[in-house]
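Chains A and F, in that order, give the protein sequences. For the record, in the first sequence the residue sitting at position 251 is 251 according to my numbering, with numbers rising by one throughout. For the record, in the second sequence the residue sitting at position 39 is 39 according to my numbering, with numbers rising by one throughout.
No lab work stands behind these hints: they were computed from the structure. Don't be surprised by glycine CBs; every beta carbon is placed ideally from N, CA and C. Heads up, some of the hints might be wrong.
Just so you have them, the derived chain F footprint on chain A, three or more residues with Cβ under 8 Å [unchecked claim]: (1) 88–102; (2) 248–255.
Some residues of chain F that are not near chain A, with every Cβ distance over 10 Å (derived) [claimed, not checked]: (3) ASN16; (4) ASN29; (5) ARG30; (6) LEU31; (7) SER32; (8) ASP36; (9) ILE39; (10) VAL42; (11) GLY72; (12) ARG84; (13) ALA88; (14) GLY98; (15) GLN126.
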Amino acid sequence: MQKITRDVLVEKAASLLENGTVDRVLGWKKGEFDYDLTPAVFTSADDLKDLVWNDFCGANFSKYLIANTKKSASKVLVFLKPCDTYSFNQLLTEHRFDREKVYAIGIPCEGMADISKIKAVTGDGISSIECGEKINVTTIYSDDTVSFDLSDVMAERCVNCKSKKHVAYDELIGEEGDVIESGRFDEVERIENMTADERYAFWQNELSRCIRCNACRDVCPACTCEKCVFDNPNHSLENKAPATSFEEKMFHIIRAFHVAGRCTDCGECSRVCPQNIPLHLLNRKFIKDMNTHYGEYQAGAEVGSRAPLVNYTTEDVEPGDVFEGRE
Amino acid sequence: MQVNEKKPLIVAFCCNWCSYAGADLAGNNRLSYPADVKIIRVPCSCRVNPMFVLRAFQRGADGVILCGCHPGDCHYTSGNYYTRRRMAMLFSMLDYLGIEKERTRVEWVSAAEGAKFAATMNDFAQTVAALGENKRLEDLRCKR
Ligand code: SF4
Ligand code: SF4
Ligand code: FES
Numbered sequence: 001m002q003k004i005t006r007d008v009l010v011e012k013a014a015s016l017l018e019n020g021t022v023d024r025v026l027g028w029k030k031g032e033f034d035y036d037l038t039p040a041v042f043t044s045a046d047d048l049k050d051l052v053w054n055d056f057c058g059a060n061f062s063k064y065l066i067a068n069t070k071k072s073a074s075k076v077l078v079f080l081k082p083c084d085t086y087s088f089n090q091l092l093t094e095h096r097f098d099r100e101k102v103y104a105i106g107i108p109c110e111g112m113a114d115i116s117k118i119k120a121v122t123g124d125g126i127s128s129i130e131c132g133e134k135i136n137v138t139t140i141y142s143d144d145t146v147s148f149d150l151s152d153v154m155a156e157r158c159v160n161c162k163s164k165k166h167v168a169y170d171e172l173i174g175e176e177g178d179v180i181e182s183g184r185f186d187e188v189e190r191i192e193n194m195t196a197d198e199r200y201a202f203w204q205n206e207l208s209r210c211i212r213c214n215a216c217r218d219v220c221p222a223c224t225c226e227k228c229v230f231d232n233p234n235h236s237l238e239n240k241a242p243a244t245s246f247e248e249k250m251f252h253i254i255r256a257f258h259v260a261g262r263c264t265d266c267g268e269c270s271r272v273c274p275q276n277i278p279l280h281l282l283n284r285k286f287i288k289d290m291n292t293h294y295g296e297y298q299a300g301a302e303v304g305s306r307a308p309l310v311n312y313t314t315e316d317v318e319p320g321d322v323f324e325g326r327e
Numbered sequence: 001m002q003v004n005e006k007k008p009l010i011v012a013f014c015c016n017w018c019s020y021a022g023a024d025l026a027g028n029n030r031l032s033y034p035a036d037v038k039i040i041r042v043p044c045s046c047r048v049n050p051m052f053v054l055r056a057f058q059r060g061a062d063g064v065i066l067c068g069c070h071p072g073d074c075h076y077t078s079g080n081y082y083t084r085r086r087m088a089m090l091f092s093m094l095d096y097l098g099i100e101k102e103r104t105r106v107e108w109v110s111a112a113e114g115a116k117f118a119a120t121m122n123d124f125a126q127t128v129a130a131l132g133e134n135k136r137l138e139d140l141r142c143k144r
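The following block holds chain A by itself, in its conformation from the complex (with noise of 0.2 Å):
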């Protein structure tokens, strides 16, 4: 269950509509079923009826300040969890809105449910969930109410949160969290420890998978760029690739490489993934790498940090030393 209520969320952003501070405000709402939430544009206190703010609030709205920031003549109300407060400033240190023009309001976050957990257990067929002090949810296959406490269907993400302290805010609800030790690249390292040929077999049953639908690059918070490679027709990058070995590394390669250094492991791309392939397992090893061998650094900690692949050292490790102490 969350900290705070949804009529918190609701009385600010009245108050701040009535009063002229914000035009619009980002939120959450209802989508086709109760645990698919989509991100909403509200722009008036009449609007506000809609906003949801539950065990199913993930979206991180950093991104869709770039439009909309665009679209308000005079702020942009955005209500921030902690890790979305990471993404907000990697997308300030890349210059990509005006900082001027938004109105932050952090708030405190208990994790997130992933509703594949949760059908694991009842199927497919659920016909309403409820968010309270547990999680009840029913289906169509019978007229029983299961619950659930969130964290035992809580996110991978947010199982392995690796800060509950907001690092951007204007305001902020509820008490400043800290940054935590999680184990986020457990994962990582026992992929890593597998053989060559495991390693291979592990990523062609993900990655061969994937649809191609670009979910995981349009949701990222770092994937800004106006023109990306995968919408150029002649790259032969831009659809499934029909592959004897394992499909769609190229483009796996290339997402999490154009990402290096600047992902935040907010963990959109995996939330929103429809073939829920692991894809933070890829930034997360970019990221461990280069906490290894260039120093610690966590995108979007600060405005204006060097990213490590920004930079350099004359005593940087030789590309063919990387494997050192690997098999």
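Once you have looked at the hints, place chain F with the ligands on chain A.
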């Protein structure tokens, strides 16, 4: 050697100012290196973006080697320092995906190192030949 045995195809990105000149010197000195090494001249090693490397594999290369000026000698001062970081990260990622790490290499070769150029290419060609054909990074779209 069998007549129609498939030879490994190697793409060598060579920076114009050092390694390409090194290749020239190897030729002038009549040092031999495998004809399967196809050299692509680039203005600086840092011109090679990771996609070039993947693209080469995609289009049928069995090994990709990148040659540039020695660190500190880049004609654009710092180009090869960036190359070094980029390629280190890319190679590590390829390895993470289970792709043979011996198929990629970075070597610093100066304009005076014709012998090093030939030796590097001979060694790399041998390594790649031992691995056999590149299967793990192939792309059927490019094999029309
Ligand atoms: S979101 Fe998933 S299925 Fe879609 S392109 Fe990305 S990895 Fe592939
Ligand atoms: S995948 Fe690369 S080119 Fe495309 S939007 Fe992301 S960073 Fe830009
Ligand atoms: S000019 Fe040779 S590596 Fe930059």
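Query raised in the report: Which hints from the list above does the structure break, by number from lowest to highest?
Result: Violated hints (numbers, rising): 1, 11, 12, 13 and 14; every other hint is consistent with the structure.
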